[in-house]
Amino acid sequence: MIFGKVIGTVVSTQIDEGIRGRKCLLVQVCNHQGKVSNNYLVAIDLVSAGIGEMALISQGSSARQTEITDKKPVDCVIVGIVDLVEEKNKIIYRKQ
Amino acid sequence: MIFGKVIGTVVSTQIDEGIRGRKCLLVQVCNHQGKVSNNYLVAIDLVSAGIGEMALISQGSSARQTEITDKKPVDCVIVGIVDLVEEKNKIIYRKQ
Amino acid sequence: MIFGKVIGTVVSTQIDEGIRGRKCLLVQVCNHQGKVSNNYLVAIDLVSAGIGEMALISQGSSARQTEITDKKPVDCVIVGIVDLVEEKNKIIYRKQ
Amino acid sequence: MIFGKVIGTVVSTQIDEGIRGRKCLLVQVCNHQGKVSNNYLVAIDLVSAGIGEMALISQGSSARQTEITDKKPVDCVIVGIVDLVEEKNKIIYRKQ
Amino acid sequence: MIFGKVIGTVVSTQIDEGIRGRKCLLVQVCNHQGKVSNNYLVAIDLVSAGIGEMALISQGSSARQTEITDKKPVDCVIVGIVDLVEEKNKIIYRKQ
Chain V
1 MIFGKVIGTV VSTQIDEGIR GRKCLLVQVC NHQGKVSNNY LVAIDLVSAG IGEMALISQG
61 SSARQTEITD KKPVDCVIVG IVDLVEEKNK IIYRKQ
Chain R
1 MIFGKVIGTV VSTQIDEGIR GRKCLLVQVC NHQGKVSNNY LVAIDLVSAG IGEMALISQG
61 SSARQTEITD KKPVDCVIVG IVDLVEEKNK IIYRKQ
Chain E
1 MIFGKVIGTV VSTQIDEGIR GRKCLLVQVC NHQGKVSNNY LVAIDLVSAG IGEMALISQG
61 SSARQTEITD KKPVDCVIVG IVDLVEEKNK IIYRKQ
Chain S
1 MIFGKVIGTV VSTQIDEGIR GRKCLLVQVC NHQGKVSNNY LVAIDLVSAG IGEMALISQG
61 SSARQTEITD KKPVDCVIVG IVDLVEEKNK IIYRKQ
Chain L
1 MIFGKVIGTV VSTQIDEGIR GRKCLLVQVC NHQGKVSNNY LVAIDLVSAG IGEMALISQG
61 SSARQTEITD KKPVDCVIVG IVDLVEEKNK IIYRKQ
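Residue numbers (the working numbering), protein chains in the order written: chain V, 1 to 96; chain R, 1 to 96; chain E, 1 to 96; chain S, 1 to 96; chain L, 1 to 96.
Hints were generated in silico from the structure; no laboratory data involved. All residues carry an ideal CB built from backbone N, CA and C; glycine is no exception. Incorrect hints may have been included.
Only part of the chain S face toward chain V is listed, based on derived beta-carbon distances under 7 Å [unchecked claim]:
| # | residue |
| --- | --- |
| 1 | V10 |
| 2 | I15 |
| 3 | D16 |
| 4 | Y40 |
| 5 | G60 |
| 6 | K71 |
| 7 | V74 |
| 8 | D75 |
Listed next, the stretches of chain V that the computed footprint assigns to chain R, with coverage defined by at least 3 CB atoms under 8 Å from CB atoms of chain R [claimed, not checked]:
| # | region |
| --- | --- |
| 9 | 2-10 |
| 10 | 14-26 |
| 11 | 37-46 |
| 12 | 64-75 |
Make a model of the complete structure from these sequences and hints.
Here you go:
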């Protein structure tokens, strides 16, 4: 999985029926410290992620291994909200 | 999913029979604001996308999770047309 | 799918039996105008592609969704030959 | 597979139930000599990896080919701990 | 598939049981002429590849389409040894 910051919402009405009605979140890929990159993804939310939170992103066929996304044309989901990242016994990220 | 701008059409007559007759659109990968990159993809259209529209692109095996692309050698589809992108309570992209 | 120019052939006798005897083409990844990059791939040919032609390349598990590649350790195939690419009502590539 | 250095732990309580309770390790992608890059991944641990160890990372659907990750939305696992890397008859990495 | 030069061996005793005992080769990704890059992979050997040889590398789920790797957490295999690469009627690589 990679890290991504939830920064917004994407609205699409003309969308494949398998995804219609699902919450599409705008995610900015970031590193383990929450430092954002210039890479943006659209992910289906599985865990009620909030704006500003750091999320764990699962991609590819693994993104379909949930009840919500099973057999849907989805290649990116938010599988978790990061509470804390610890590196070499130091806490380098903590959810606020 | 990633963002892509629909900018044209690709015609291929000598093509795998599983894809023959499907609309192949030329897509330029872009960011959440519609700013295009130098990365181009060819995607099967699932949602009657129009030239100039910003699309949601699904890739890999997820591109085959639709009636049209099931069991076809397709690794890139347009699953939705973006109406609106909202970042931190500001609308940063709106379909015209 | 991505674009690639067919530029040669790869010969391998010591090869997995699932692929043995299949035509392995050397492909140089290119953009929608046929401008080549420094990225090279080896693709199984499904459509009798010729040297110099611009091809549509399908990758990953999608490369196995054909009779020839089904259940074979192949992650890259040529699914079509590009006849024409049209961008914003201009023809920007035409097969010669 | 690629090489990655295990450098920490990621805690997430609001997480997909398929992954809940699994050890999420922070991995910094590295080369065959253990030289780290700026690329960070979160991997499920299958082999009781320790901090500072160099690991073998498997990604994509292959990350789900284990009892622990089967049918889970996981796209990155640690499948092995590297004891030794040998290049052209020289040992260039050895676990300490 | 991509090209890779076989340059060494990786030893791992603390490894997923599905892979245990399999030969893990160190591969340096290269181009069609054998010019190496700074990208390193660990691949399971299917064809008795030797040090210094140029190999064809298959990745992702395609890496599991063999008897040896079926249902194993393996995302990279050597499927062939390159004997010869021919570009525009010139031989640009030949196995020695």
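Results for each hint:
Annotation: interface hint on V10 (chain S) holds; nearest CB of chain V at approximately 5 Å, less than 7 Å. Interface restraint check: I15 (chain S) against chain V, minimum CB-CB distance 4 Å, threshold 7 Å, status holds. Proximity of D16 (chain S) to chain V holds as hinted, the smallest CB-CB distance being about 4 Å (cut-off 7 Å). Checking Y40 (chain S) against chain V by beta carbon gives a least distance of about 5 Å; that is within 7 Å, so the hint holds.
Hint status for G60 (chain S) relative to chain V: holds, with the closest Cβ pair at about 5 Å, below 7 Å. Interface restraint check: K71 (chain S) against chain V, minimum CB-CB distance 5 Å, threshold 7 Å, status holds. For V74 (chain S), the suggested interface contact is upheld, since its CB lies about 6 Å from the closest CB of chain V, less than 7 Å. With a least beta-carbon distance of about 4 Å to chain V, the hint placing D75 (chain S) at the interface is held under the 7 Å criterion.
Beta-carbon proximity to chain R at under 8 Å applies to 4 residues in the region 2-10 of chain V; the threshold of 3 is reached and the given coverage holds. Given a C-beta distance limit of less than 8 Å, the hint that chain R covers the region 14-26 of chain V holds, as 7 residues qualify and 3 suffice. For a cut-off of 8 Å, the count of residues in the region 37-46 of chain V with a CB near a CB of chain R stands at 5, and the three-residue condition holds. With a threshold of 8 Å between beta carbons, the proposed coverage of the region 64-75 of chain V by chain R holds, since 6 of its residues qualify and at least three are required.
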